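**Q** One letter stands for each residue in the lines below.
2 protein chains.
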Amino acid sequence: MSFSDQADRTLALLAVTPGWQRLRSLRQDCDDETVAAIVGEAASFAERVLAPLDAVGDRIGCRIENGRVVTPPGFAAGYRQFAAAGWIGIDVGECHGGSGLPLAVQAACAPLFERGCMSLMMAAGSARAACHLLAAVADAETADRWIPKLLAGDWAATICISEPDAGSDVGRIRTAAAWHDGIWRVTGQKVWISFGDHDLCGRIGHCLLARTGEEAGTRGLSLFLVPDRHADGRPNGVTPERIEEKMGLHGSPTCALRFEAAEAILLGEAGRGLPQLFAMIEQMRLQTGGQGLGLASACCDIAEAYARERRQGGAPDAPAVPIAAHPDVRRQLRSMRHRTEILRAAHLEIACAMDLARIAQDPPDRAAARDFAGTLLPLIKTFGAEAGFDIASAGIQVLGGAGYTKDWPLERHLRDARVMSIYEGTTGMQAIDLLARRLWRDGGMGLEICLERAAADIALGGGALARSGMEAVEEFRALLAHMQALKATPEAGLERADSFLRAFWCLVSIWMLRRLGSVGLGEDELRQSVDRLRAELALFGRLCR
Amino acid sequence: MSFSDQADRTLALLAVTPGWQRLRSLRQDCDDETVAAIVGEAASFAERVLAPLDAVGDRIGCRIENGRVVTPPGFAAGYRQFAAAGWIGIDVGECHGGSGLPLAVQAACAPLFERGCMSLMMAAGSARAACHLLAAVADAETADRWIPKLLAGDWAATICISEPDAGSDVGRIRTAAAWHDGIWRVTGQKVWISFGDHDLCGRIGHCLLARTGEEAGTRGLSLFLVPDRHADGRPNGVTPERIEEKMGLHGSPTCALRFEAAEAILLGEAGRGLPQLFAMIEQMRLQTGGQGLGLASACCDIAEAYARERRQGGAPDAPAVPIAAHPDVRRQLRSMRHRTEILRAAHLEIACAMDLARIAQDPPDRAAARDFAGTLLPLIKTFGAEAGFDIASAGIQVLGGAGYTKDWPLERHLRDARVMSIYEGTTGMQAIDLLARRLWRDGGMGLEICLERAAADIALGGGALARSGMEAVEEFRALLAHMQALKATPEAGLERADSFLRAFWCLVSIWMLRRLGSVGLGEDELRQSVDRLRAELALFGRLCR
Chain R
1 MSFSDQADRT
11 LALLAVTPGW
21 QRLRSLRQDC
31 DDETVAAIVG
41 EAASFAERVL
51 APLDAVGDRI
61 GCRIENGRVV
71 TPPGFAAGYR
81 QFAAAGWIGI
91 DVGECHGGSG
101 LPLAVQAACA
111 PLFERGCMSL
121 MMAAGSARAA
131 CHLLAAVADA
141 ETADRWIPKL
151 LAGDWAATIC
161 ISEPDAGSDV
171 GRIRTAAAWH
181 DGIWRVTGQK
191 VWISFGDHDL
201 CGRIGHCLLA
211 RTGEEAGTRG
221 LSLFLVPDRH
231 ADGRPNGVTP
241 ERIEEKMGLH
251 GSPTCALRFE
261 AAEAILLGEA
271 GRGLPQLFAM
281 IEQMRLQTGG
291 QGLGLASACC
301 DIAEAYARER
311 RQGGAPDAPA
321 VPIAAHPDVR
331 RQLRSMRHRT
341 EILRAAHLEI
351 ACAMDLARIA
361 QDPPDRAAAR
371 DFAGTLLPLI
381 KTFGAEAGFD
391 IASAGIQVLG
401 GAGYTKDWPL
411 ERHLRDARVM
421 SIYEGTTGMQ
431 AIDLLARRLW
441 RDGGMGLEIC
451 LERAAADIAL
461 GGGALARSGM
471 EAVEEFRALL
481 AHMQALKATP
491 EAGLERADSF
501 LRAFWCLVSI
511 WMLRRLGSVG
521 LGEDELRQSV
531 DRLRAELALF
541 GRLCR
Chain V
1 MSFSDQADRT
11 LALLAVTPGW
21 QRLRSLRQDC
31 DDETVAAIVG
41 EAASFAERVL
51 APLDAVGDRI
61 GCRIENGRVV
71 TPPGFAAGYR
81 QFAAAGWIGI
91 DVGECHGGSG
101 LPLAVQAACA
111 PLFERGCMSL
121 MMAAGSARAA
131 CHLLAAVADA
141 ETADRWIPKL
151 LAGDWAATIC
161 ISEPDAGSDV
171 GRIRTAAAWH
181 DGIWRVTGQK
191 VWISFGDHDL
201 CGRIGHCLLA
211 RTGEEAGTRG
221 LSLFLVPDRH
231 ADGRPNGVTP
241 ERIEEKMGLH
251 GSPTCALRFE
261 AAEAILLGEA
271 GRGLPQLFAM
281 IEQMRLQTGG
291 QGLGLASACC
301 DIAEAYARER
311 RQGGAPDAPA
321 VPIAAHPDVR
331 RQLRSMRHRT
341 EILRAAHLEI
351 ACAMDLARIA
361 QDPPDRAAAR
371 DFAGTLLPLI
381 KTFGAEAGFD
391 IASAGIQVLG
401 GAGYTKDWPL
411 ERHLRDARVM
421 SIYEGTTGMQ
431 AIDLLARRLW
441 RDGGMGLEIC
451 LERAAADIAL
461 GGGALARSGM
471 EAVEEFRALL
481 AHMQALKATP
491 EAGLERADSF
501 LRAFWCLVSI
511 WMLRRLGSVG
521 LGEDELRQSV
531 DRLRAELALF
541 GRLCR
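Quick mapping for you: the protein sequence lines, in order, are chains R and V.
Residue numbering for the first sequence follows UniProt numbering, beginning at 1 and increasing consecutively.
Residue numbering for the second sequence follows UniProt numbering, beginning at 1 and increasing consecutively.
No lab work stands behind these hints: they were computed from the structure.
Predicted model only: the values in this text are computed from it and were never measured.
We treat Cβ as the ideally placed atom computed from N, Cα and C, and that holds for glycine.
Treat the hints with care, since some could be wrong.
Label-pair restraints from in silico Cβ distances [stated by the list, open to error]:
1) V:Q28 / R:P164: 55 to 63 Å
2) R:A318 / V:E260: 26 to 34 Å
3) V:P364 / R:K487: 56 to 64 Å
4) R:N66 / V:A261: 54 to 62 Å
5) V:A481 / R:A325: 27 to 35 Å
6) V:E245 / R:A325: 23 to 31 Å
7) R:N66 / V:R68: 26 to 34 Å
8) V:T489 / R:P319: 49 to 57 Å
9) V:A481 / R:E245: 31 to 39 Å
10) V:R467 / R:A318: 46 to 54 Å
11) R:P164 / V:R59: 23 to 31 Å
12) R:R311 / V:P275: 21 to 29 Å
13) V:G520 / R:E245: 32 to 40 Å
14) R:H230 / V:R68: 54 to 62 Å
Derived coverage of chain V by chain R (criterion: at least 3 residues anywhere in the stretch with Cβ under 8 Å from a Cβ of chain R; other residues may be distant) [said to hold, decoys possible]:
15) 213-222
16) 233-246
17) 319-331
18) 397-405
19) 414-424
20) 495-504
21) 526-540
Go ahead and model the full structure; you've got the sequences and the hints to work with.
**A** Here it is, written out as structure tokens:
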């Protein structure tokens with residue numbers, strides 16, 4: 001039931017997302033009925049096929065046996081079904097065998113899948129990212145050979161960036177590629193590789209950053225495709241050395257891999273490895289936001305249903321009342337629901353913008369959409385991750401002792417969610433991205449566009465809510481000028497980057513709240529939420545001074 | 001090393017706790033040297049004996065075998081050693097075989113033990129609570145028979161309150177005691193019983209609330225001691241039915257127990273079960289605060305040490321710098337450390353007050369100490385619990401991917417900590433306790449005393465910090481009047497209870513910050529923290545309006 005509720009909320013919010021209206025005018029094939037059918041089918045698939053795998057994956061986890069990673073029972077079959085249903089390629093170009101739908105449609109479906117089984121979706125996410133990456137930068141032969149196999153679930157892929165001494169600091173990668181006798185060979189160690197090895201399918205292509213030049217930092221890095229074995233099945237010098245024992249996400253084997261003179265295909269231009277990866281990194285950050293949204297949606301639904309059923313308190317000589325009737329529980333549930341729906345609205349907003357950055361007709365429109373999306377991305381990544389974790393924790397609180405047990409999925413969701421603030425760029429990196437890159441380096445054009453759109457949307461509604469929202473916009477504008485000025489003293493600025501990121505999210509949340517009427521939230525409770533968000537904006541604004 | 005650091009910080013803060021100075025004047029035996037020796041020995045014991053058990057307890061957990069609970073390897077021996085060293089009875093009266101030291105000394109040691117192995121300490125905590133309870137309300141024969149056995153670790157105890165339909169809502173307890181042929185017999189089910197069964201020692205006494213009267217609610221409840229078996233070893237109708245599968249605290253078996261006509265000893269007066277338990281409940285809430293403090297201390301130390309060692313970032317052509325040098329990491333570490341030391345100071349403050357409530361010479365002094373301690377207690381319970389969880393999570397963030405693995409204890413501490421906001425009265429119940437009981441029902445005398453003492457301490461220091469602190473006191477005083485007025489509209493008040501609790505903690509934190517110079521925090525960073533806390537106070541104050 002709640003998967004289909006989630007689908008309904010998604011469609012209701014999509015309908016009031018301005019970017020979606022623009023996108024639809026460019027994509028006649030994406031009529032309401034088609035999209036509703038797709039999202040509805042995603043909900044059904046997630047509930048039927050993926051959800052039953054989640055607890056199994058957590059309980060049994062992965063292990064290395066005879067040098068290969070064994071995934072939990074049912075994962076391989078689930079993965080094949082996911083691929084066969086065409087879900088990996090929703091937004092991959094038709095020329096490569098995908099469905100060629102907008103990213104927005106993919107983003108509408110993804111949180112349903114993440115809710116179903118986030119750990120298995122780590123494999124699907126890498127395959128999809130690799131498809132996009134290969135479509136963008138690989139030579140035609142490589143793309144034509146790999147993308148259809150990835151879409152079919154016959155082959156899989158990983159993204160290999162981190163190394164023991166190069167986590168957030170990508171420039172210190174030491175894995176090296178050498179050109180010899182017309183063949184690139186990669187040697188080195190990669191860590192934190194999700195599904196770095198597994199038994200879901202027949203072959204794994206590692207999309208990997210390695211050093212090809214002498215230049216220090218990121219400039220000497222190139223991008224390669226390194227298959228774990230040759231087409232004929234012979235091994236290619238790639239060894240899974242270890243699976244990390246993690247707090248959660250046990251169904252997703254996080255591997256340390258050793259590459260020993262592994263044959264590799266150069267992707268795109270030598271020395272342009274990192275810039276070529278950027279589009280893929282953006283996709284992964286959006287995916288993280290969707291993971292958080294999926295888990296937050298689940299936890300909200302569970303807590304609400306529990307609070308309607310569970311009876312405690314009330315007059316001692318009368319039957320106990322549902323705990324949802326207690327003011328403090330009501331407050332908790334409302335806060336969880338609002339955070340979740342705000343995130344859902346923002347997640348759709350940014351996905352539409354990422355589409356428009358690609359397909360809007362005028363170049364200035366495309367540039368504006370790109371700046372806008374790039375500026376929202378650190379927010380979606382950070383607060384999607386935090387919402388997943390916090391709302392799982394809030395759900396546990398509503399359920400009390402029961403929530404702390406494995407009788408309910410909340411504690412699993414909390415453990416799974418904790419990593420989301422770390423991978424794909426930690427919260428600290430997102431804060432630096434917003435401040436140092438988007439504002440200081442790029443001049444804050446994306447922030448300016450956000451403020452204009454927020455102001456326009458907020459003003460539309462009129463009334464007290466609009467007045468309060470407009471004040472928030474002005475407050476944030478003043479903060480922006482302050483943060484811009486800190487460019488002169490970067491240490492002081494960077495120490496405030498986290499508060500700035502949070503202040504910005506308060507503003508975007510106030511903006512998105514305007515849309516939540518469409519998912520049934522009343523004017524009164526929206527006003528309360530705006531008040532709360534304004535108080536939080538004031539807090540973070542103050543911490544930035 | 002870090003256990004002894006923690007002991008040093010504790011002693012430094014104790015020395016500047018005003019209540020401790022007063023207490024020492026009443027207890028000549030508690031000279032500095034003696035107390036330092038005790039706390040130092042606690043640190044050493046925790047590190048040597050308890051800490052090695054923690055990971056084992058988490059990994060192996062507990063199971064039911066042949067109808068009895070089997071605890072993790074080493075737990076039974078550790079428990080015996082803990083008891084043999086006299087730690088269970090630090091503050092239990094000498095007349096009962098304890099050391100008769102102030103609670104403050106116990107509270108100085110407890111977070112060290114909790115840091116060592118919180119799950120095993122759940123057993124010790126129940127035994128100690130039972131000693132206090134029996135000393136207060138049991139007949140002399142029962143007390144004399146049980147307390148020495150509990151202190152020696154030969155026997156153990158539990159506190160049985162919750163039932164499937166009576167969690168926060170104690171008045172709905174259905175377990176009943178019947179008086180027949182001169183014997184009380186208890187029948188019913190109890191859930192969430194920590195160490196409800198185990199193999200640590202020979203006999204378990206269940207301190208249990210059961211219904212003896214017809215009256216609805218809590219009035220018909222009486223307190224019993226129900227041994228799991230008779231003195232000769234015959235079973236007494238107590239069966240562990242289940243161990244909960246929890247997110248953490250695996251070393252502590254959380255049991256569902258069935259009592260079938262189990263022979264029971266009435267403790268104190270029939271119908272006075274709940275009021276008689278209150279002192280014990282207060283002890284358990286203080287213990288929870290100490291648990292959070294112990295875990296927070298561990299996580300702080302680990303994150304600081306890691307950030308000094310781990311190198312990432314800096315100029316690409318220079319060696320990487322320790323991550324502690326990055327402004328955002330510095331900010332994270334500082335925030336963790338300040339929260340931890342504020343909690344430590346407040347924990348000692350309240351423990352001293354609980355002692356003074358018992359032994360101060362003038363009755364008005366005792367009453368004031370009681371009101372004061374009772375008012376601080378919901379804070380220590382709530383924010384001790386939250387600090388344990390949040391600082392474990394913050395520590396994971398500092399360590400990045402490594403923190404998410406079982407290579408480090410942070411993820412275990414996070415899982416263990418999550419239950420602390422639930423048991424011994426959820427955060428929601430603490431907020432109601434502060435607002436509806438301390439302020440509305442009792443008139444807020446304890447809050448008034450807090451404000452007076454805070455103002456006096458804050459004013460002492462002088463300077464900008466004192467001015468800002470005094471403003472905070474005035475702000476909170478205004479908030480207090482507002483919340484008092486909400487007594488007329490209790491629903492509206494209760495919806496704000498959580499924010500009120502948080503606002504109060506901001507104020508107490510500002511007050512405690514004054515003492516942190518003694519643990520080496522500089523004036524500048526203290527001022528930053530006061531600014532942050534004042535901004536948070538403003539936020540929560542606003543949410544109360």
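**Q** Just tell me: holds or violated, for the beta carbon distance of P164 of chain R and R59 of chain V against 23 to 31 Å?
**A** holds (25 Å)
**Q** So does H230 of chain R sit 54 to 62 Å from R68 of chain V, Cβ to Cβ?
**A** holds (57 Å)
**Q** Go ahead and decide if the range 32 to 40 Å is satisfied by the Cβ distance of G520 of chain V to E245 of chain R.
**A** Once the Cβ atoms are compared, 36 Å apart, the range 32 to 40 Å for E245 of chain R and G520 of chain V holds.
**Q** When you take the CB atoms of N66 of chain R and A261 of chain V, is the distance between them in 54 to 62 Å?
**A** Check passed, 57 Å falls within 54 to 62 Å.
**Q** Given a hint of 23 to 31 Å, does the C-beta separation of E245 of chain V and A325 of chain R actually sit inside it?
**A** 30 Å Cβ-Cβ, so the 23 to 31 Å window holds.
**Q** Examine the region 414-424 of chain V: at least three residues should have C-beta closer than 8 Å to a C-beta of chain R.
**A** holds (count 7)
**Q** Three or more residues of the region 495-504 of chain V near chain R by CB distance under 8 Å?
**A** holds (count 3)
**Q** If you count the residues of the region 233-246 of chain V with a beta-carbon closer than 8 Å to a beta-carbon of chain R, do you get 3 or more?
**A** holds (count 3)
**Q** Could you check the hint for me, namely that A481 of chain V and A325 of chain R are 27 to 35 Å apart, CB to CB?
**A** For A325 of chain R against A481 of chain V, whose Cβ atoms are near 29 Å apart, the range 27 to 35 Å holds.
**Q** Note whether the CB distance of R311 of chain R and P275 of chain V lies within 21 to 29 Å or breaks it.
**A** holds (25 Å)
**Q** Just to be sure I understand the hint, the distance between the Cβ atoms of R467 of chain V and A318 of chain R should be within 46 to 54 Å; is that true here?
**A** holds (52 Å)
**Q** Check, residue by residue, whether the region 213-222 of chain V contains three or more positions whose beta-carbon lies closer than 8 Å to a beta-carbon of chain R, and give the verdict.
**A** Holds, because 3 residues of the region 213-222 of chain V bring their Cβ atoms closer than 8 Å to Cβ atoms of chain R.
The structure fails hints 7, 8, 9 (numbered hints given earlier, in ascending order).
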